[in-house]
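Visitor: In case you want the letters, here they are:
2 protein chains.
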Amino acid sequence: MADKNDEMIVTPWEVRGKIDYDRLIELFGTQRIDQKLKERIYRVAGEKHMYLERDLFFSHRDLDWLLDEYEKGDKFVIYTGRGPSGPVHIGHIVPWIFTKWLQKRFKTRLYFQLTNDEKFWFNEELTIEDVHRFTRENAIDLLALGFEPENTFLVDDIKDISLLYEIAVRVAKKVTFSTAKAVFGFENSMNIGGIWYPAMQAVLAFLHSEITGTNTPCLIPCAIDQDPHWRVTRDVADKLGYYKPASIQNRFVPGLAEGGKMSASDPMSAIFMTDKPKLAKKKVMNAFTGGRSTAEEQRRLGANPDICSVFKYYNFIFVPDNKELADIERKCRSGEMLCGECKQILVPRVLDFLERHQSAREEVKDRVDEFSASRLMDEIKR
Amino acid sequence: MADKNDEMIVTPWEVRGKIDYDRLIELFGTQRIDQKLKERIYRVAGEKHMYLERDLFFSHRDLDWLLDEYEKGDKFVIYTGRGPSGPVHIGHIVPWIFTKWLQKRFKTRLYFQLTNDEKFWFNEELTIEDVHRFTRENAIDLLALGFEPENTFLVDDIKDISLLYEIAVRVAKKVTFSTAKAVFGFENSMNIGGIWYPAMQAVLAFLHSEITGTNTPCLIPCAIDQDPHWRVTRDVADKLGYYKPASIQNRFVPGLAEGGKMSASDPMSAIFMTDKPKLAKKKVMNAFTGGRSTAEEQRRLGANPDICSVFKYYNFIFVPDNKELADIERKCRSGEMLCGECKQILVPRVLDFLERHQSAREEVKDRVDEFSASRLMDEIKR
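Quick note, the sequences are listed as chains A and B, same order.
When we follow this note's numbering, the leftmost residue of the first sequence carries the number 5, and every step to the right adds one.
When we follow this note's numbering, the leftmost residue of the second sequence carries the number 5, and every step to the right adds one.
Note that these hints are calculated values from the structure, not bench results.
Among these hints, one or two may not hold up.
Note that identical chains are pooled: a pair holds if it fits in a single copy or bridges any two copies.
[Stated by the list, open to error] Each computed SDA-like pair below joins lysine to any residue, with the alpha-carbon atoms no more than 25 Å apart:
{"#": "1", "residue 1": "178", "residue 2": "192"}
{"#": "2", "residue 1": "163", "residue 2": "243"}
{"#": "3", "residue 1": "335", "residue 2": "30"}
{"#": "4", "residue 1": "111", "residue 2": "300"}
{"#": "5", "residue 1": "40", "residue 2": "102"}
{"#": "6", "residue 1": "22", "residue 2": "111"}
{"#": "7", "residue 1": "178", "residue 2": "132"}
{"#": "8", "residue 1": "178", "residue 2": "189"}
{"#": "9", "residue 1": "243", "residue 2": "128"}
{"#": "10", "residue 1": "108", "residue 2": "272"}
{"#": "11", "residue 1": "163", "residue 2": "380"}
{"#": "12", "residue 1": "369", "residue 2": "292"}
{"#": "13", "residue 1": "42", "residue 2": "378"}
{"#": "14", "residue 1": "178", "residue 2": "101"}
{"#": "15", "residue 1": "163", "residue 2": "383"}
Owing to the predicted nature of the structure, the values given are computational and were not obtained by experimental measurement.
All chains, please: the whole structure from these sequences, using the hints.
Guide: Okay, here's the thing in structure tokens:
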């Protein structure tokens with residue numbers, strides 16, 4: 005009998021068990037990003053990106069088509085988002101860094117959805133005030149990465165509903181409860197907000213087309229657990245006469261505990277963007293690694309970076325240089341470097357990263373409204 | 005085996021079969037408006053109303069409580085609405101006339117919801133343009149009855165969504181699909197907009213309280229088929245800390261065809277407010293009555309006003325005078341007056357009513373925006 009903890013469950017609201025990414029590609033029916041496609045992206049974008057090199061973004065839908073259109077002069081827009089159910093941690097930031105790169109290289113608009121209605125419906129304990137507060141705080145974390153208002157539109161599901169509702173109304177007519185049940189696994193105990201929600205998440209794939217009156221390709225960078233939404237969205241796109249949105253999908257960024265777990269109930273399992281240096285340092289020093297029981301044993305047998313959360317942090321963000329990363333890996337596997345020493349490399353990088361981020365937060369925190377999608381109400385051509 | 009056509013089906017989206025109003029009161033668990041309550045309403049309102057006298061409004065929830073509060077100085081607001089799925093006919097106007105009376109006698113605000121999202125979701129063939137057009141046209145018919153902007157707020161579900169969504173989001177969290185399924189009979193083939201919709205219809209019961217920051221009683225005059233909505237709304241009210249809305253419920257106003265049927269596919273079955281005189285006259289002359297096969301037989305045996313659509317029109321709108329109504333009934337039953345003669349009484353009254361209405365429509369048609377609930381955005385205290 006399979007260990008219950010090993011059973012893989014991946015929905016937009018639950019990721020559990022040991023994740024088999026090959027199996028996910030097969031289950032969801034997405035495409036792998038192969039070497040040929042990577043090289044094509046690099047050629048069109050004009051540079052490489054470590055998240056493609058290191059297969060953090062590993063799966064896609066219709067990316068070839070999107071690049072065909074782009075090369076024909078049919079520019080796309082980017083759509084991603086965040087469910088504001090709590091503070092932002094480093095794991096959340098990783099795909100946003102890639103999103104920023106995409107926006108910059110393809111010189112295009114980013115629509116960033118803050119799905120406060122969703123989080124309110126899917127988390128029993130969250131109040132409406134909670135999700136409003138997290139919406140604002142999470143937006144500050146996004147903007148601290150250095151976006152420009154000109155091309156960046158924060159869409160707050162509740163506050164910007166007048167921009168979204170009519171499109172959502174049209175989407176919702178094309179999605180039955182049967183479909184939502186089959187795709188998302190909804191039970192009859194689901195509240196009617198949660199059932200309606202997939203319409204809201206589909207809207208942003210069409211928003212730019214609606215506003216401008218021109219059918220425009222859309223690229224969605226996101227974690228692969230969101231794919232069920234895009235299946236529904238792509239199906240509806242056809243029925244409403246829009247392009248199906250393309251997507252580029254990343255692996256889950258692991259936490260600091262054993263098995264890469266990150267849980268809201270264990271604040272030590274993730275480094276939050278507003279953590280104070282002392283706390284962040286403590287979290288790194290307590291992180292789960294692939295080390296041995298004793299220093300002697302580790303010197304002799306080496307450690308295992310494959311299961312080490314510190315090494316994953318290097319891979320995903322803190323060691324962009326491939327040579328340095330290979331060097332760390334070699335020293336780890338050989339037992340030349342122990343986990344304590346290794347963490348001493350990570351600590352100053354994390355602290356520096358947080359310090360810069362927190363100072364950028366301060367600079368942008370009163371400018372959130374400049375990025376509001378409410379500006380778009382004037383642009384609407386429909 | 006019961007005749008399938010006799011099977012009574014009453015939901016907010018379907019009214020079918022022979023309606024047994026006593027059974028509806030029992031099924032829905034509402035209260036009958038008895039003589040004592042009528043007299044209390046008259047006393048507080050300062051005058052009688054024929055729709056209560058003639059039991060057109062026959063059922064209620066919490067009307068006693070509402071009047072208690074009113075007499076204590078705790079004023080209520082009125083909420084009713086219309087699903088803009090087509091043009092307005094005389095049957096729709098009847099409860100609005102009563103609503104206007106309530107508003108005037110109790111000197112209070114009316115929130116009138118135009119549920120274009122609902123009608124779009126529940127009618128496969130309606131386009132979004134259709135429901136927007138009917139929203140505007142139906143609003144003109146309401147306003148032609150002579151409301152004042154000061155106390156009358158038209159709430160367009162789609163256009164005024166920014167006023168409604170956050171409240172609907174909070175309502176929706178408290179309603180499961182199980183509940184919606186049980187109350188409304190939703191099938192899995194229902195679209196996810198239709199499933200969400202009950203949250204939207206509940207909102208207006210709380211809107212005034214939300215805007216003013218003061219929990220305010222609410223009275224909903226409506227046809228009894230809407231009661232399932234108020235059951236859900238009242239349940240949620242408790243959970244959100246609002247007063248449960250009271251309601252005063254009317255019988256269905258019958259059409260002109262046999263059995264009082266009115267169907268969108270048969271335009272002869274109802275008199276629309278924008279019908280030209282010639283067409284309206286034709287409809288009255290073709291209306292189903294309780295007459296006999298031959299004039300001779302009718303002179304001898306009399307006719308039956310109980311099943312006659314012409315008599316129902318007298319009762320509901322065109323013969324406010326009780327003495328005149330009794331006189332017509334007597335002449336009908338005795339065979340003194342034949343159906344052709346009787347219809348000659350109705351025709352000029354209908355034409356006069358339509359002429360005055362159509363001229364009032366012309367006067368108000370460019371003033372619809374003055375009544376828009378979007379004015380309320382400035383009032384919001386929350």
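Visitor: Compare the structure with each hint and give your call.
Guide: Evaluation of the provided hints:
1. Taking the shortest Cα distances, residue 178 and residue 192 sit within 25 Å of each other both inside one copy (20 Å) and across copies (13 Å).
2. With identical chains, the CA atoms of residue 163 and residue 243 are at most 25 Å apart between copies only, with a shortest distance of 24 Å across copies and 28 Å within one.
3. Taking CA atoms no more than 25 Å apart as the test, residue 335 paired with residue 30 passes in neither setting, with 35 Å inside one copy and 80 Å between copies.
4. Taking the shortest alpha-carbon separations for residue 111 and residue 300, neither the intra-copy value of 53 Å nor the inter-copy value of 87 Å comes in at or below 25 Å.
5. With identical chains, the CA atoms of residue 40 and residue 102 are at most 25 Å apart within one copy only, with a shortest distance of 19 Å there and 72 Å across copies.
6. Within a single copy, residue 22 and residue 111 get their C-alpha atoms no closer than 37 Å, and across copies no closer than 65 Å, so neither meets the 25 Å cut-off.
7. Taking CA atoms no more than 25 Å apart as the test, residue 178 paired with residue 132 passes between copies only; the shortest distance there is 13 Å, against 29 Å inside one copy.
8. In this assembly of identical chains, residue 178 and residue 189 lie within 25 Å of each other by CA distance both inside one copy and across copies; the values are 18 Å within and 20 Å between.
9. For a Cα distance limit of 25 Å, the shortest separation of residue 243 from residue 128 across copies, 14 Å, qualifies, whereas the shortest one inside one copy, 34 Å, does not.
10. In this homomeric assembly, residue 108 and residue 272 never come within 25 Å of each other (Cα to Cα): the closest approach is 34 Å inside a single copy and 63 Å across copies.
11. In this homomeric assembly, residue 163 and residue 380 come within 25 Å of each other (Cα to Cα) both inside a single copy, at 13 Å, and across copies, at 16 Å.
12. With identical chains, the CA atoms of residue 369 and residue 292 are never at most 25 Å apart, being 33 Å at best within one copy and 70 Å at best between copies.
13. In this assembly of identical chains, residue 42 and residue 378 lie within 25 Å of each other by CA distance neither inside one copy nor across copies; the values are 36 Å within and 50 Å between.
14. Taking the shortest alpha-carbon separations for residue 178 and residue 101, neither the intra-copy value of 34 Å nor the inter-copy value of 37 Å comes in at or below 25 Å.
15. Taking CA atoms no more than 25 Å apart as the test, residue 163 paired with residue 383 passes in both settings, with 17 Å inside one copy and 16 Å between copies.
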